[in-house]
Amino acid sequence: LRDEEKNEIAINEAFDTDRLYRGPYKGNAPDLLIGYNHGYRISWNCASGVVAGSVFEDNTKAWSGDHIVDPRLVPGVFLANHPIDADDPGIIDLAPTALTLFGLRPPAHMEGRPVVEMNRFQKGKRE
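Taking the numbering used here, I'd label the letters of the sequence shown as residues 14 to 140.
Worth flagging that the hints you see were computed from the coordinates, not collected in a lab. Think of the CB as a built atom: it goes at the ideal place given N, C-alpha and C, for glycine as much as any other residue. Where hints are given, some of them may not hold.
Claimed, not checked - Label pairs and their computed distance ranges (CB to CB):
no., residue 1, residue 2, range
1, A121, R32, 17 to 23 angstroms
2, P84, M123, 15 to 21 angstroms
3, A42, E130, 41 to 47 angstroms
4, E70, R118, 22 to 28 angstroms
5, E26, H95, 33 to 39 angstroms
6, A108, D44, 19 to 25 angstroms
7, E17, I97, 41 to 47 angstroms
8, I97, M123, 17 to 23 angstroms
9, A75, I22, 20 to 26 angstroms
With these hints in hand, go ahead and build the complete structure from the sequences.
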């Protein structure tokens, strides 16, 4: 979707969640996820169910955080206080890693992978 007034692309892609998700909680996902470009988001009114007359309107409030930007545009940082066992860790790996650190096996339907090896954390063993 293009913002004709600013001559910019406002929505990069509408993601079909049927192609994104799997597992027992897939049915809880929305049908589509909207990947907004930098500087665009749903309006404050739209978030509460109000549909305005225009597609685009200026934002008059400060944005303090958001979850609607195209995920391919959002960089991330993975910090650890010890070596990790992955060349390309991602946010999807956090839950399986946390479960592993607590001595729990991630469920089979969970995406991602632990980025640490548990033998590194056995009693008395330090790197």
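Comparing the hints with the structure gives:
1. A121 <-> R32: 17 to 23 angstroms: Check passed, 20 angstroms falls within 17 to 23 angstroms.
2. P84 <-> M123: 15 to 21 angstroms: holds, 18 angstroms
3. A42 <-> E130: 41 to 47 angstroms: Given range 41 to 47 angstroms: violated, Cβ gap about 32 angstroms.
4. E70 <-> R118: 22 to 28 angstroms: violated, 49 angstroms
5. E26 <-> H95: 33 to 39 angstroms: Between E26 and H95, where Cβ atoms are some 37 angstroms apart, the hint holds.
6. A108 <-> D44: 19 to 25 angstroms: holds, 24 angstroms
7. E17 <-> I97: 41 to 47 angstroms: holds, 46 angstroms
8. I97 <-> M123: 17 to 23 angstroms: holds, 18 angstroms
9. A75 <-> I22: 20 to 26 angstroms: Cβ of A75 to Cβ of I22: about 23 angstroms, so the range 20 to 26 angstroms holds.
Hint compliance for this structure: hints 3 and 4 are broken, all remaining hints hold.
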